[in-house]
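Q: Listed below are the residues making up each chain.
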Amino acid sequence: KNEVEQSPQNLTAQEGEFITINCSYSVGISALHWLQQHPGGGIVSLFMLSSGKKKHGRLIATINIQEKHSSLHITASHPRDSAVYICAVGPGNTPLVFGKGTRLSVIA
Amino acid sequence: EAQVTQNPRYLITVTGKKLTVTCSQNMNHEYMSWYRQDPGLGLRQIYYSMNVEVTDKGDVPEGYKVSRKEKRNFPLILESPSPNQTSLYFCASSDAGGGSNYGYTFGSGTRLTVV
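Going line by line, the protein sequences match chains A and B.
If you use our numbering, the first sequence corresponds to residues 1 to 108, in order.
If you use our numbering, the second sequence corresponds to residues 1001 to 1115, in order.
Pulled out of the complex, with its shape left as it was, chain A reads as follows:
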């Protein structure tokens, strides 16, 4: 079974800082997902990627299949980015194995 490790577990940043969250997994996959969970509990899918890099606004996700590693970057961080970021991996779309999440707090 795939093991998914995220780092750091908790992260506090000043507004405007560049943020990196890392995700490593143990078994080859077809797809990796980055999810965002807001303090209210709702979960939003940010990215699904199987190779290379994707960008959406201030968010950038990269994946290195050979090294079994992905990073989520946030440029020019803002307090509204405060959330738990969750990495999940799977063979194609299903089923998913989740990391335990990285809790990010961005302070103004």
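These aren't lab readings, by the way, just hints derived from the structure by calculation.
These figures come from a predicted structure and were not determined experimentally.
We put the beta carbon where it would ideally sit given N, CA and C, even for glycine.
One or more hints might be untrue.
[Said to hold, decoys possible] Derived Cβ-Cβ restraints for the label pairs, each shown as a range:
(1) B:Thr-1005 <-> A:Val-27: 31 to 37 Å
(2) B:Ser-1067 <-> A:Phe-18: 43 to 49 Å
(3) A:Arg-80 <-> B:Asp-1056: 35 to 41 Å
(4) A:Glu-3 <-> B:Lys-1071: 40 to 46 Å
(5) B:Lys-1017 <-> A:Asn-22: 18 to 24 Å
(6) A:His-38 <-> B:Thr-1113: 18 to 24 Å
(7) B:Asn-1007 <-> A:Thr-75: 35 to 41 Å
(8) B:Val-1014 <-> A:Arg-103: 30 to 36 Å
(9) A:Asn-22 <-> B:Lys-1065: 36 to 42 Å
(10) A:Asn-2 <-> B:Thr-1005: 27 to 33 Å
(11) B:Lys-1069 <-> A:Arg-80: 38 to 44 Å
(12) A:Asn-22 <-> B:Val-1014: 40 to 46 Å
(13) B:Glu-1062 <-> A:Glu-67: 20 to 26 Å
Here the structure of chain A is known, so what remains is to put chain B in place on it, guided by the hints.
A: What follows is chain B alone, placed relative to chain A:
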């Protein structure tokens, strides 16, 4: 608006009283799944369905049942709830194989307390 609708949002029940949490999606997605989220354990998959009448167990299926009679609905059934099923539950759907750049759509969650 494309969405996954879960009901109820909050539920307090007693041990042994059967309950159903409903999940409905309006995106014609083939794939639907249920997860529970517990502190320190993260999200864990309960059941998933690749299409109508096709369901499979996830990592923690004990004590749960599901059905997929129609493409849009995927209810989660707890026949005899116990306190260890107190958790935050999420339903999600995905257009498996459809090439979506953003993967899954999640419901708003159901916070279940079993006393």
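Q: Mind checking the hinted window 38 to 44 Å against the Cβ distance between B:Lys-1069 and A:Arg-80?
A: Check passed, 40 Å falls within 38 to 44 Å.
Q: Holds or violated: 18 to 24 Å for the Cβ distance of A:His-38 and B:Thr-1113?
A: Hint holds: Cβ distance 21 Å, inside 18 to 24 Å.
Q: So the hint says 27 to 33 Å: do the beta-carbon atoms of A:Asn-2 and B:Thr-1005 match that?
A: Holds: the Cβ-Cβ distance is about 30 Å, inside 27 to 33 Å.
Q: Can you tell me whether the CB distance of B:Ser-1067 to A:Phe-18 sits inside 43 to 49 Å?
A: 47 Å, holds
Q: Against the range 35 to 41 Å, how does the distance between the Cβ atoms of B:Asn-1007 and A:Thr-75 compare: consistent or not?
A: Taking Cβ atoms as reference, B:Asn-1007 and A:Thr-75 lie about 38 Å apart, which means the hint holds.
Q: Could you tell me whether the CB distance from A:Asn-22 to B:Lys-1065 stays inside 36 to 42 Å?
A: For B:Lys-1065 against A:Asn-22, whose Cβ atoms are near 37 Å apart, the range 36 to 42 Å holds.
Q: Could you say whether the range 20 to 26 Å given as a hint is met by the Cβ separation of B:Glu-1062 and A:Glu-67?
A: 36 Å, violated
Q: Cβ-Cβ distance between B:Val-1014 and A:Arg-103: within 30 to 36 Å?
A: Cβ of B:Val-1014 to Cβ of A:Arg-103: about 33 Å, so the range 30 to 36 Å holds.
Q: Using the C-beta atoms of B:Lys-1017 and A:Asn-22, is the stated range 18 to 24 Å upheld?
A: The hint (18 to 24 Å, Cβ to Cβ) is violated, given that B:Lys-1017 and A:Asn-22 are roughly 44 Å apart.
Q: Does the Cβ pair A:Asn-22, B:Val-1014 satisfy 40 to 46 Å?
A: 43 Å, holds
Q: Would you say the C-beta atoms of B:Thr-1005 and A:Val-27 sit inside 31 to 37 Å of each other?
A: 34 Å, holds
Q: Holds or violated: the 40 to 46 Å window for the beta-carbon distance between A:Glu-3 and B:Lys-1071?
A: 33 Å, violated
Going down the numbered hints, you'll see the structure goes against 4, 5 and 13, while the others check out.
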